[in-house]
Amino acid sequence: KQWYQRRVRGHSSASRRAFSPPSFPHKKVKAEQPILTSTNHIEREPSREVVNLKKIQNKLAESLRLSLHYFSPPSWPTKKEDLINLDLDKLLEFPLNNFFDTYEVNLTELIGQYQEHASTAEKRAETAEEKLHNVRKLVMQLLKPSLNFTQENSEENEEIGDNVDEILAAVVKETNKIPDS
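Quick note: the sequence shown uses my numbering, first residue 875, plus one each step.
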């Protein structure tokens, strides 16, 4: 112990610092800069980090406003125009769960209505197609006697039944060629 004290006393203060624990450099946090306003109040200028956070906050708020505006269900009580103008406090208090539940219910109803409409339209198309096929068969039966079909041509008769509009057009053309007597 005495040896250490003699050694420390015999050296300059610079060498004594060598025996002290090292100090670590601390990250300097930029302090807010004072700003004088027109009323001579001193206000602090926000740091760069605060400014960046404000920009991010504003972008997120704007994205949320746009999402609310575009996905607003027809039955939602707030108008779309009002949703786009919500301030930050109202955005924070906004009932998102209720909003999206309402959106989901309305979307499900809308999809159901479209499916029902498509099903009804498909049934109408099938019915119309069946009626058209029956009318073609009837027209073919009317045309058979005048076209002199034989029993041998029964397969052709089925094809002709599907092409009755062409045959009917040919018959009309032939009847127009016959001069009135």
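Rather than coming from a laboratory, the hints here were simulated on the basis of the structure. If you're wondering where the values come from, they're calculated on a predicted model, not measured in any experiment. Keep in mind that a hint or two might mislead.
[As the list claims (entries may be wrong)] The list that follows gives simulated cross-link-like pairs (lysine to aspartate or glutamate, EDC-like), each with its CA atoms no further than 20 Å apart:
(1) Lys928 <-> Glu955
(2) Lys953 <-> Glu936
(3) Lys953 <-> Asp963
(4) Lys1011 <-> Glu1000
(5) Lys954 <-> Glu919
(6) Lys929 <-> Asp963
(7) Lys929 <-> Glu919
(8) Lys933 <-> Asp975
(9) Lys964 <-> Glu936
(10) Lys953 <-> Asp975
(11) Lys1011 <-> Glu1040
(12) Lys929 <-> Glu955
[Said to hold, decoys possible] Derived CB-CB ranges, DEER-like:
(13) Tyr944 <-> Val924: 26 to 36 Å
(14) Pro969 <-> Val924: 46 to 56 Å
(15) Ala935 <-> His991: 31 to 41 Å
From the three backbone atoms N, C-alpha and C, an ideal C-beta is built for every residue, glycine too.
Verification of the hints:
1. Lys928 <-> Glu955: Not satisfied, since the Cα-Cα distance of roughly 24 Å exceeds 20 Å.
2. Lys953 <-> Glu936: OK: Lys953 and Glu936 at ~17 Å, within 20 Å.
3. Lys953 <-> Asp963: holds (18 Å)
4. Lys1011 <-> Glu1000: It holds: about 17 Å lies between the C-alpha atoms, which stays within 20 Å.
5. Lys954 <-> Glu919: violated (36 Å)
6. Lys929 <-> Asp963: holds (16 Å)
7. Lys929 <-> Glu919: holds (15 Å)
8. Lys933 <-> Asp975: At roughly 25 Å apart (the allowed maximum being 20 Å), Asp975 and Lys933 break the hint.
9. Lys964 <-> Glu936: holds (13 Å)
10. Lys953 <-> Asp975: OK: Lys953 and Asp975 at ~17 Å, within 20 Å.
11. Lys1011 <-> Glu1040: The hint holds at about 13 Å.
12. Lys929 <-> Glu955: violated (23 Å)
13. Tyr944 <-> Val924: 26 to 36 Å: holds (31 Å)
14. Pro969 <-> Val924: 46 to 56 Å: Since the Cβ atoms of Pro969 and Val924 sit about 29 Å apart, the hinted range of 46 to 56 Å is violated.
15. Ala935 <-> His991: 31 to 41 Å: Holds - the Cβ-Cβ distance for Ala935 and His991, about 39 Å, lies within 31 to 41 Å.
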